[in-house]
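K.L.:
If you want the building blocks of each chain, they are given just below.
2 protein chains.
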Amino acid sequence: MEKVNLAEKLAQFDDHWSPKVAGQLDDYEIKLVKLQGDFVWHKHDDADEMFMVVDGSMDIAFRHKTITLNTGEFLVVPKGVEHKPYAEHACSAMLFERKGVINTGDAEEGDLTRRQLERI
Amino acid sequence: MEKVNLAEKLAQFDDHWSPKVAGQLDDYEIKLVKLQGDFVWHKHDDADEMFMVVDGSMDIAFRHKTITLNTGEFLVVPKGVEHKPYAEHACSAMLFERKGVINTGDAEEGDLTRRQLERI
Numbered sequence: 878m879e880k881v882n883l884a885e886k887l888a889q890f891d892d893h894w895s896p897k898v899a900g901q902l903d904d905y906e907i908k909l910v911k912l913q914g915d916f917v918w919h920k921h922d923d924a925d926e927m928f929m930v931v932d933g934s935m936d937i938a939f940r941h942k943t944i945t946l947n948t949g950e951f952l953v954v955p956k957g958v959e960h961k962p963y964a965e966h967a968c969s970a971m972l973f974e975r976k977g978v979i980n981t982g983d984a985e986e987g988d989l990t991r992r993q994l995e996r997i
Numbered sequence: 878m879e880k881v882n883l884a885e886k887l888a889q890f891d892d893h894w895s896p897k898v899a900g901q902l903d904d905y906e907i908k909l910v911k912l913q914g915d916f917v918w919h920k921h922d923d924a925d926e927m928f929m930v931v932d933g934s935m936d937i938a939f940r941h942k943t944i945t946l947n948t949g950e951f952l953v954v955p956k957g958v959e960h961k962p963y964a965e966h967a968c969s970a971m972l973f974e975r976k977g978v979i980n981t982g983d984a985e986e987g988d989l990t991r992r993q994l995e996r997i
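Going down the list, the protein sequences come from chains L and H.
Per the working numbering, numbering of the first sequence is gapless, rising by one per residue and ending at 997.
Per the working numbering, numbering of the second sequence is gapless, rising by one per residue and ending at 997.
It is worth saying that the hints were derived from the structure and are not from the lab.
As the structure is a prediction and not an experimental result, all values here were calculated from the model.
Be careful, since some hints might not be right.
What the hints assert, rightly or not - Derived DSSO-like pairs: lysine-lysine, alpha-carbon spacing no greater than 27 Å straight-line: (1) H:Lys976 / L:Lys880; (2) H:Lys961 / H:Lys886; (3) L:Lys942 / H:Lys961; (4) H:Lys976 / L:Lys920; (5) H:Lys961 / L:Lys880; (6) L:Lys920 / H:Lys880; (7) L:Lys886 / H:Lys956; (8) H:Lys920 / L:Lys942; (9) H:Lys942 / H:Lys961; (10) L:Lys942 / L:Lys920; (11) H:Lys956 / H:Lys942; (12) L:Lys976 / H:Lys956; (13) H:Lys880 / H:Lys976; (14) L:Lys942 / H:Lys886; (15) L:Lys880 / H:Lys942; (16) L:Lys976 / H:Lys976; (17) H:Lys920 / H:Lys976; (18) L:Lys880 / H:Lys886; (19) L:Lys976 / L:Lys956.
Claimed, not checked - Residues of chain L placed beyond 12 Å of chain H at every Cβ, according to the derived structure: (20) Asn882; (21) Val931; (22) Ala967; (23) Asp988; (24) Arg991.
Don't be surprised by glycine CBs; every beta carbon is placed ideally from N, CA and C.
So here's chain L without its partners, still in its complex pose (with noise of 0.2 Å):
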């Protein structure tokens, strides 16, 4: 049992778009994420996602409006909604999931795609 550092973990990487798990509750993940650009479309049938970012900011698009998120500020992407994250500027975020679920949802499996989730 072991605290953690957000700002430590952080520091931990570089890559974009490539969730890292720095936790987990129950069957629950606690990631930590970097994000510039522009991710896929997709969609969770199954799970809701939490985006809470800890540095920067970051817009999640869906199909009929666009969410900016600040530093501080958390959204929850209900299961089932088209979402499209993206970051004009490097942006650090917290990520809340249910274990297994795959970063780019249902969109077609592509070099964003992460399986294995390295452990921070």
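Assemble chain H onto chain L, guided by the hints.
P.N.:
For chain H alone, kept in the frame of chain L given last:
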């Protein structure tokens, strides 16, 4: 679907040890709480519990050690582990735990027990 600004939500209340529900993800809840002084020793037999400090610092006492959490740090207290949160000065934290988990766990129900949580 609305984003949550932690600082704005925390500005809406001042009472201590009374978690408010700020978001829901599957069967889990994201709660915000202000702490000061001593809580009670307790454990949650069936649920892990995450404490993340948003502003200030807090201690979580265990039977054989104490962990201090500062702003930007989190700890997952595993199910079944006795703990006692404590904060010398006012501290704001985000909690993540399964819906229905009672804040005082297996401790005798008392003044600090909260069964119905306000949504903010």
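K.L.:
Can you give the numbers of the hints that this structure goes against, from lowest to highest?
P.N.:
3, 8, 20 and 21
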